[in-house]
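Going by UniProt numbering, the sequence shown runs without a break in its numbering and finishes at 245.
Everything labelled a hint here was simulated from the structure, so no lab data went into it. Each residue gets a CB set at the ideal place from its N, CA and C atoms; glycine is no exception. Where hints are given, some of them may not hold.
[Stated by the list, open to error] Pair by pair, the computed Cβ-Cβ distance ranges are: (1) W241 / V169: 17 to 25 Å; (2) P72 / G178: 33 to 41 Å; (3) G100 / F224: 24 to 32 Å.
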Amino acid sequence: MSDHDHGPLAPPPRPAAGIPAQVAASAAMGVFAMQALRLAGIGGTAAGWLAASALYLGGCAMVLTQMRRSYPHDRIGGCNAVTLLRAAITCALLAPLADGAAAGWAVAIAGGVALALDGVDGWLARRSGLVSGFGARFDMEVDAAFALTLALHAWLDTALGPGVLLLGVLRYGFAAAGLVLPWLRAELPQRQRRKAICVLQLATLILLQTPLPGHAQAGFLAWFATAALALSFALDIRWLWRRRS
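All chains should be modelled from the sequences, with the hints used to inform the complete structure.
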């Protein structure tokens with residue numbers, strides 16, 4: 001039986017009044033996590049950490065605004081709380097960059113935790129029935145900011161040169177192109193290939209924060225991951241081009 005047999009579909013439910021308090025509680029947890037990372041030795045001055053904390057809280061406010069507009073569920077759930085925590089880790093990694101301090105094991109370990117959590121939020125969303133377009137977009141934007149932050153660390157503290165920044169800016173280049181070419185903003189189908197390359201991209205950037213790969217190996221890993229990411233975007237662009245109106 002089709003949906004039309006039941007009459008017009010009801011509009012998605014609006015977020016419950018308790019969501020602002022839930023976002024605020026998750027934001028407080030994120031600030032606590034940032035302070036824990038600071039004590040763990042991420043580095044950076046008090047001014048850098050203050051700016052990173054302000055950026056994180058501003059991001060939380062934007063998340064709440066977008067939830068009020070397009071989030072269809074009555075609670076944020078553990079999935080979005082985990083994504084907010086990953087955003088907090090990303091902002092924490094920005095603090096040392098303001099002082100020219102970059103890379104190192106502390107950044108790699110924090111990045112590894114954030115990458116592990118990246119696999120948790122989607123699982124929680126499916127398990128709790130809180131899957132949404134908002135959650136998918138939120139997760140993607142945090143991944144993009146996380147990759148750019150790690151790429152900046154790798155650029156400032158390794159001999160790879162500015163080419164490594166491609167691992168962090170290709171996503172933003174694609175988004176900027178969409179402002180000029182509307183057909184690039186069409187919805188893409190789900191692809192495991194896209195998820196796998198995102199993991200490759202982030203795992204490579206985390207490894208580059210450490211001295212484990214030699215210079216030649218680091219260069220190979222960086223360009224291999226960049227080529228894979230560029231190919232993924234090229235395949236998506238071809239798919240969108242063929243279906244443009």
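How the hints compare with the structure:
For the pair W241 and V169, the supplied restraint of 17 to 25 Å holds, since their beta-carbon distance comes to about 22 Å. About 24 Å separates the C-beta atoms of P72 and G178, a value inconsistent with the hinted range of 33 to 41 Å. The hint said 24 to 32 Å for the Cβ distance between G100 and F224, and at roughly 28 Å that hint holds.
Checked against the numbered hints given earlier, this structure breaks only hint 2.
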